[in-house]
Amino acid sequence: MSTTAGTTASPTGLADPDELDLRLPVSYLADGHSVRSWLLTTDHKRIAILYAITITVFFFIGGAAATLVRLELATPEADVLRADTYNKLFTLHGVVMVWFFLIPSIPNTLGNFLVPLMIGARDVAYPKLNLISWYLNLGGGLLAVAALLAGGVDTGWTFYVPYSTVFSNTWVSLTVLGVFTTGFSSIATGVNFIGTVHLLRAPGMTWFRLPLFVWAMYTTSLMFVLATPVLAVTLLLVFAERTFGLPIFDPARGGDPILFQHLFWFYSHPAVYIMVLPAMGVVSELITCFSRRKVFGYTFMVYALVAIAVIGFFTWGHHMFTSGMSPYAALVFSFLSFIVAVPSAIKVFNWTGTLYRGQVGFESPMLYALGFVGLFTLGGLTGLFLASIPVDVHVQDTYFVVAHFHYIMVGASVSAYFGGLHFWWPKITGRTYPETWARFAAILMFFGFNLTFFPQFIAGYLGMPRRYHVYPPEFQIWNVLSSAGAAVLAAAYLMPLGYLTWSLLFGERAGNNPWDASGLEWRTSSPPPRRNFFGSPRVQGGPYNYHPEGVAPVHDQPRLPSRGSLT
Amino acid sequence: MVGRLMPESASLQAVLTDRIFIGLTIASALILALVVGLLLVFAIRFRRGSKADRHPLPEIVSREFEIGWTAATIFLFVFIFWWAASAEIGAYSVPPNAIEIHVVAKQWMWKVQGSNGAREINELHVPVNAPVKLIMTSQDVIHSFFVPAFRLKRDVLPDQQTEAWFQATKTGTFHLLCTEYCGTDHARMLGRVIVMEPEAYARWLSAQPEGDDLAHQGERLFSERGCAGCHAPGSAVHAPSLAGIWERPVPLEGGRFATADAAYLRDSILQPGRDVVAGYAPVMPSYAGLLDDGEIQAITAYIRALGSEPGVVRALGTPDLRSNVPGGVRERSPAMVPGAPVLDQPGPGVRP
Amino acid sequence: MSRVEIEARLREPWSELETDPGTAFARQRDGATLGIWIFLASEVLFFGALFLTYTAARLAHPEAFAAAGRETNIVYGTLNTAILLTSSLTMAVASQAAETGLFRRLTLRCLAATAALGLAFLVVKGFEYREDIEKHLVPGAHFALDRGPAQIFFAFYWLVTVVHAIHLSIGIVLVVRLTVKGWRDPDILAENPQVEVTALYWHLVDLVWVFLYPMLYLPGRSG
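Protein chains in written order, with our numbering: chain S, 3 to 569; chain G, 32 to 383; chain R, 14 to 236.
Because the hints were derived from the structure by calculation, they are not lab data.
Treat each hint with caution, since some may be false.
Stated by the list, open to error - Over 10 Å on every C-beta distance to chain S, these chain G residues come out as not near it, computed from the model:
| # | residue |
| --- | --- |
| 1 | F108 |
| 2 | A115 |
| 3 | W235 |
| 4 | Q239 |
| 5 | Q248 |
| 6 | E255 |
| 7 | Y311 |
| 8 | E326 |
Claimed, not checked - Calculated cross-link-like contacts (lysine to any residue; reagent style SDA-like; alpha-carbon spacing at most 25 Å):
| # | chain 1 | residue 1 | chain 2 | residue 2 |
| --- | --- | --- | --- | --- |
| 9 | R | K194 | R | Q109 |
| 10 | S | K130 | S | R533 |
| 11 | S | K130 | R | K148 |
| 12 | G | K142 | S | P474 |
| 13 | S | K130 | R | H180 |
| 14 | S | K130 | R | A39 |
| 15 | R | K148 | S | W159 |
| 16 | S | K130 | R | I201 |
| 17 | G | K164 | G | D323 |
| 18 | G | K137 | S | L499 |
These figures come from a predicted structure and were not determined experimentally.
In this text, a Cβ means the ideal position worked out from N, Cα and C, and glycines have one as well.
The following block holds chain S by itself, in its conformation from the complex (with noise of 0.2 Å):
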């Protein structure tokens, strides 16, 4: 073994990564070619695969109709959409982008793949259970389109009732029960996760030395058991009154349409943390290894998380300040939001410190890194405002609530899934990516995303609501902006399809650390094996081991690639 920082990490029992390639692994990815070995495979390695693939197709399913929408909004009159059409596609764009491309990316693939490698498992607690939740994934999802094809929905992903139950004549009860069958895939996953992350972890793998990935897609899956279920009987109560005519919330019939919302925003809001967490954890694994360093306040992170995950269940109040709940519950609600923050706000200043006096490298994951934390900053700052229930009042359904949320579930997760990508695609498929190509893409994606969205802040504050399709002329010219800004973004976001797709089919081949990082996952063959190791994973110190204790993250990697040698 060479003395540099990333292989003096702990001693794990595991064979020398130098010797693998020697014993020709036979890397998940060859284990079987047909068809039937991926449909029916159990392979955590492999499950990961089956959701990449479906998630970028209702990426861009999702992206193709938030194009549609930017283009409309470019003028103040409707020059391209009918106000119909228009209200499908944000509902498409909505519905799409939320249960099918984000609630599932970060967990369902990145996580999938890595859960079991960072801890050392062969596989998850439960692989059958596994697939199904794909198959469930799937079908959601294909019931969604169904709905997409048959004429599309007019809703909102809000689903608000009753709208939704009394006065929609598009295809609602179909999405609906795809948005309910996805719903049971979360759970699923949230089953397995924990399971795994109890029962498998190897000998030595404490609760506090699990990487910050794995202690996010804990508290991930946490909130996925508990927060989903209520989505469902929210949704089946909707789809049994639209179908069956059962009255629930009907206020014709004394139901309470309020009732519906606190049902919906109670799964909804702690979903705004599940998308966030994963990207968290990401960030935590990608900062720390091209800073060389230890995260720091390694401890503090992990009780972050677990606050987030616990807090996230009791601020949901803050999307009804307007709705005419009592201002009681309204002070209580609007506290809570704040203090959700705390923890959020802890997150960014360790990963600000734990650059200091690191070694950085500015490599296009921890481009995609940093751009999250900055966007991620925005986004929760302009969350305070949305807790201060005066300004919540004037910007409640405005663009500047339509630009926090981008912040937050574009802006910072889908960078940080991007990120993630780059970081782990050596792993994940053995190839190398070109890296100028990538670090253009990232940062093409971050101005582009600010172009996007800073204005919308503008434009809500000013007074321009959500869903129009068509808007009072003042609001223009934020409009033009956000819509050149959008035309950036969609270039970026096909950029990766492009260069990704070409590092798979004539991408040198990685190496089994090509970033020299701490971590179980990198002590195994790039593509890794169906079993994952070869030998045991035995765990004698906590993560991040990028320096020895007390002393200085040098830059010293003879052996290892520091930039370039990915291209």
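Place chains G and R on chain S using the hints.
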């Protein structure tokens, strides 16, 4: 041309909201500058291979940093919460002399009627510097009444009433927008709020076509639709008199009390069997489907016009007013709980 | 159990733990019970949200709910409660018997009884549904009661009893599956974590009914 960065500010609430908004913007800009600045400085200074000093920090320092910035963040956030919340509480009570305006929203229009009888569609004329109270309901789906220049927004719910108030401080014409997605023409559910000098407003009012004010319409409906057949004094049917009950406690079956406000009257008209006045048989038929929202509002205005003096209140004595909620009945808005009667004695039989 | 037996029963990924088969088998068992407990936590939130919806509607319309509650058939409801509670008893006995691995015949009989009681519940429920339909207790144009909110009660009644019946049907399938397996190979149920997992699920379905009984059959009948 880059337009204005702040919306026009034309109400008391707008000043308050803007103050918090600007405070938050400054605080956020500082925090963002700090985070991004530190990120850039650290990333550049400690770039790979630079000559910067990299001696390790003692563990105790990082711990103190953690506790320090956690405490600072909590302090800052709680301060902002306190600031915003106190502004919100202060602005909650409706001034007692507010002009009352009834708003009925439907796909995709705003119907507005002042208690003085002026009716408008998609327009709302109000005098400047006078408090205006909106009493709103919807005939179909959820809408939301939004006037950006007033920083005013309140959802309008079907079969429930919500309230909001504002005091315009500038004359002019302002956008009225619907901000709760309500179907195909959501984006065209627009209106104008026209704020006028008091004299101009008085001229405008007098120029309106001669129409009954709400209470007179209500009086006419009261006899036309047969309410008077039972509820008029001297009727042969044993039914409670409606004179002098407005906002008075009404004794119900089972020893409970309800306050005879708009929500209670509405419920009693649509679901008469629910909260029957003590000592009367539940004989009244439901008027659901027979009276529309506007007509119910008119009848309510009529009953209100009959006054709050206890004329023929059944002599069970005035109940002790007990409440866990600060503020008297009048000070609190029923909008605290949408559509609910303000009830000082919580009990079953009334919507929460 | 012999080492060979244990190894035959180990599944992925537990079979690949680097421990002796006994420990691995214990871990596999833990995995099964932990998994079902997490799933049950999810189910609790599912039914919890339904009960919350009911509670909110009932607080808003107590008289209508009392009037509607008087229309349900308390005889069928009570009978079904007794049936389901008894089935939980037989399920618990089956689970305990399987755990010791000694009372194979008892395990099998109790499982069969559980499945039979579950089916009996569904049959009774079917008769009750028929009566409800005849009495026009289905929300809609021909609803029997004149109060609007009473329709909410019956909307909830139909929805929640059907969802419960679906859960119960899944439970019956699981129990029948175990019974058939145990009947073919008497050794298979001994120390098999599937028995405990099925039992935990069965008890949850029973517990949900324990809440549903007072919610659906007792309003308007007390005092």
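For each hint given before, does the structure comply? Return the numbers of the non-compliant ones in rising order. Hints 1, 2, 11, 15 and 18 not satisfied by this model.
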